[in-house]
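Trainee: Given chain B's structure and the hints, the job is docking chain F onto it.
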Amino acid sequence: MFNIRFHGRGGQGIKTAGRLLGTAFFLEGYEVQDAPRYGAERRGAPMSAYVRADRKPINARGIITHPDLVVVDDSLIPVPAAGVLAGIRPDTVLLIASHEDDAVWRSRLNLKSPILTIKPSEGADPASVSAACAGASARLTGVIRKENLIEALEDELGKLGPALLKANLDTVLQGFESMSAHQGLVRQSEAIALIDYQKPEWINLPLEASELASATIQGAQTSVQVRTGLWRTQRPVVHYEDCHRCWWVCSSFCPDSAISVNEEGFPVIDYEHCKGCMICVAQCPSHAIVAIPESEAQRLERQGEQR
Amino acid sequence: MNRKLLTGNAAAAWGARLAGIDYVPAFPITPQTEIIETLSGWFERGELQGRMTVLESEHSMITAAGAAAATGVRVFTATSSQGLLHAMEMIYTVTGWRAPFVLVNVSRGLSSPITLEPDHNDVLAARDSGFIQIHCANCQEVLDTMLIAYRLAEHQSIRLPIIVNLDGFYLSFTREPVEIPDQSEAREFVGEFDPGQIKFRASMPESQAVAVLGGSPYSYFRYETHLAMLEALNVYPEIADEFNARFGRFHGLLECFECDDADYLFVMMGCFATKAKDAVLRLREAGIKIGLLRPRLIRPFPSAAIAAAVSEKKALAVIDQNLSIGKGGILHAEIASVLYGIGQAPPILASFIGGLGGRDISQEEFFEIAQTLINASKTGETPPPRLLYTAREFKELKNLRAIAQVERQQLKENQP
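Line by line, the protein sequences are chains B and F.
Numbering that gives the first Met the number 0 applies: residue 0 is where the first sequence begins, and numbers increase by one.
Numbering that gives the first Met the number 0 applies: residue 0 is where the second sequence begins, and numbers increase by one.
It is worth saying that the hints were derived from the structure and are not from the lab.
You may find that some hints are simply not true.
Label pairs and their calculated CB-CB ranges [unchecked claim]: (1) B:Gly-122 with F:Arg-44: 34 to 40 Å; (2) B:Glu-200 with F:Gly-195: 56 to 62 Å; (3) F:Ala-285 with B:Gln-187: 17 to 23 Å; (4) F:Gly-45 with B:Pro-56: 33 to 39 Å; (5) B:Glu-200 with F:Gln-408: 29 to 35 Å; (6) B:Pro-79 with F:Glu-187: 52 to 58 Å; (7) F:Asn-398 with B:Ile-194: 30 to 36 Å; (8) B:Pro-56 with F:Arg-186: 25 to 31 Å; (9) F:Ala-285 with B:Leu-110: 30 to 36 Å; (10) F:Glu-392 with B:Glu-295: 37 to 43 Å; (11) B:Val-225 with F:Leu-212: 54 to 60 Å; (12) F:Gln-408 with B:Arg-41: 27 to 33 Å; (13) B:Val-225 with F:Glu-392: 17 to 23 Å; (14) B:Pro-56 with F:Asn-233: 29 to 35 Å.
Taking lysine-lysine and the DSS-like style, the derived pairs with C-alpha atoms no more than 27 Å apart in a straight line are [said to hold, decoys possible]: (15) B:Lys-198 with F:Lys-377; (16) B:Lys-198 with F:Lys-397; (17) F:Lys-3 with B:Lys-158; (18) F:Lys-3 with B:Lys-145; (19) B:Lys-118 with B:Lys-145; (20) F:Lys-288 with F:Lys-377; (21) F:Lys-394 with B:Lys-198; (22) F:Lys-326 with F:Lys-397; (23) F:Lys-288 with B:Lys-55; (24) B:Lys-158 with B:Lys-145; (25) B:Lys-165 with B:Lys-145; (26) F:Lys-411 with F:Lys-394; (27) F:Lys-326 with F:Lys-313; (28) B:Lys-198 with F:Lys-313; (29) B:Lys-198 with F:Lys-288; (30) F:Lys-3 with B:Lys-55; (31) B:Lys-165 with F:Lys-3.
If you're wondering where the values come from, they're calculated on a predicted model, not measured in any experiment.
Built from N, CA and C at the ideal position, the CB exists for glycine as well.
So here's chain B without its partners, still in its complex pose:
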């Protein structure tokens, strides 16, 4: 059975990428199971999608604990909640969407797993990166023909109209072609056999004091700990020369209380917790806040550090 796990962010086409690959397998005559996995629907929050494909009916269900292929947007690798590397084996293939190349990721991660990268084009929107990854994954399995990938895309995205379909088709096929040297690299794996199994370390839960055992949050510490800024794909940046120091509009409209006002009356954005909703950009009366892609902002920051 093929066990494929996609990691991405809500609203960036990861669910669609999973469905696209699932449908392509199905058209090849495979039994298929595909599913997205997320909590409350939140744009930009880490989520994943699973695709299983086999020649036999599939009894496995739910999360894929030991994937044969992991497809991931590189910004998620350092996010602990995303669990990107959970359960990988030395033969699990990693396909990383990144501006950095394979060698960088090989030395950075120091894993035995084969690592491949797919480079998003400059300014590509995240959904098209997901589409390219779906095409690349299809090639990596070695069992999906181009015509079935195209038919799967028409099934999944046909309702969006011919222009969007064409744009996605080009992207998906570029992804497919980019992995031609690695066709069939992903190996199928079977569920663990009895002889190999590790006993689960079950425990008897102790009775604990009710104040410990109630799911109560009494302060803001949890919100501080969770760096929701990692969900951001666009970053609001204040151009202070245009700011009229009205002091209240952006900070009042921010739904996450991530904008405070300093002693001089200028707004200061807490990027650890700004989720990138861009409401401040829309509300600022003097248009002093602009949106730039998060990847671009991080690139500029790195350049600044080097100087």
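Mentor: Coordinates of chain F only, in the frame set by chain B:
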């Protein structure tokens, strides 16, 4: 053959469509919403004739479903979790009206703490209401069960509403290959609803909520509902056989997988049971004779069929994806009540609680449960009930709790 990848939610919507529903009172809730979205799209595009009304709560939604069913039309509705609980007053009430309809429940754990992921405490809260309950384990079964459910609910000698249950996320949002029956074949199988005396009409006053004091008439009406539901155990197999003859898929009162020559059985309901099948196949490769018993009908409870299936087995492991707080696994207690007094009851009946709030059950855990049964069978002692919960999970919980403790400390220090 029209075989497509469908989510469990889409399969439920397809089942309702093929059954020829007339009326859908609706209220959205995760993870059920996609069912309502799908149906509303079909209504809007004219692909489905009928009427959908969005009510202001699940309580009203079930009232509307029961009232519409009492006029003699075919009604479908769906909910989940807190929605089912919010409707609970009417869930009990409408069964006494003896007006049939189908309610899909997409299982999701109950508050508090809040979760979106599945377990069976929501649907089991409706266990004693008078709704027939059928639990599904894959997306094909969801669609097929919808058709069977209308036949059963509308049967002259039953006339009760039915809950068709599917697990949130693991079925509701999971696509699997589903064969969609031909519309005319499906309609022929389900047939027209012959409402007979069920004909609540404008200008024809009728009271469904009569007061009966003194206990004796009340006993009569309640027990009649009970007898009608038990009758479903006789009617159901005929409908399942007819479905199988027409569509080539059999969905019995129970699913027995590798049960016949088994010494040991996993007993589970819902879609995690398919994971147990994989474990059964692996354990059998190693020479361990084990099988899976999955009751599909939970109400009426197929006691005789279960007794026959478990008779002379060495040991059973009931894996409950629910928790009756203060008692334990609900299916475990139900199975125990079947075994008392049968001649060849298995000497070991072990209880495991797993999958609460959608927690995964790993292959290793199924293997370990099998090992527990083998050991218990040797010693003759039933092990104590066991929550599937590992040292690592407890450590992770303590990490989260450490943050909460810091908060409390800071709050205390900041207090004047």
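Trainee: Is it true that the CA of B:Lys-198 sits at most 27 Å from the CA of F:Lys-377?
Mentor: 20 Å, holds
Trainee: Between B:Pro-56 and F:Asn-233, does the C-beta distance stay in 29 to 35 Å?
Mentor: 31 Å, holds
Trainee: Sort out whether F:Lys-313 lies within 27 Å of F:Lys-326, counting only the CA atoms.
Mentor: Given that 27 Å is the threshold and the Cα spacing comes to 24 Å, the pair holds.
Trainee: Does the Cβ distance between B:Glu-200 and F:Gln-408 fall inside 29 to 35 Å?
Mentor: Between B:Glu-200 and F:Gln-408, where Cβ atoms are some 31 Å apart, the hint holds.
Trainee: Assuming the hint says 27 to 33 Å, is it satisfied by the Cβ distance from F:Gln-408 to B:Arg-41 or not?
Mentor: Between F:Gln-408 and B:Arg-41, where Cβ atoms are some 30 Å apart, the hint holds.
Trainee: Compare the distance between the alpha carbons of B:Lys-165 and B:Lys-145 with 27 Å, and conclude whether the hinted pair is satisfied.
Mentor: The hint holds at about 15 Å.
Trainee: Given the hinted pair B:Lys-198 and F:Lys-397, is their alpha-carbon gap at most 27 Å?
Mentor: Within the cut-off at roughly 22 Å; holds.
Trainee: For the range 17 to 23 Å, tell me whether the beta carbons of F:Ala-285 and B:Gln-187 fit it or not.
Mentor: Because 22 Å falls inside the window, the suggested range holds.
Trainee: That 33 to 39 Å hint for F:Gly-45 and B:Pro-56 (C-beta), does it hold up?
Mentor: Between F:Gly-45 and B:Pro-56, where Cβ atoms are some 36 Å apart, the hint holds.
Trainee: Taking the Cβ atom of B:Val-225 and the Cβ atom of F:Leu-212, is their distance within the range 54 to 60 Å?
Mentor: Since the Cβ atoms of B:Val-225 and F:Leu-212 sit about 57 Å apart, the hinted range of 54 to 60 Å holds.
Trainee: Does B:Lys-145 sit within 27 Å of B:Lys-158, going by the straight-line distance between their CA atoms?
Mentor: With Cα atoms ~21 Å apart, B:Lys-158 and B:Lys-145 stay inside 27 Å; holds.
Trainee: Could you grab the alpha-carbon distance between F:Lys-3 and B:Lys-55 and see if it respects the 27 Å cut-off?
Mentor: 16 Å, holds
Checked against the numbered hints listed earlier, the structure breaks none of them; every hint is satisfied.
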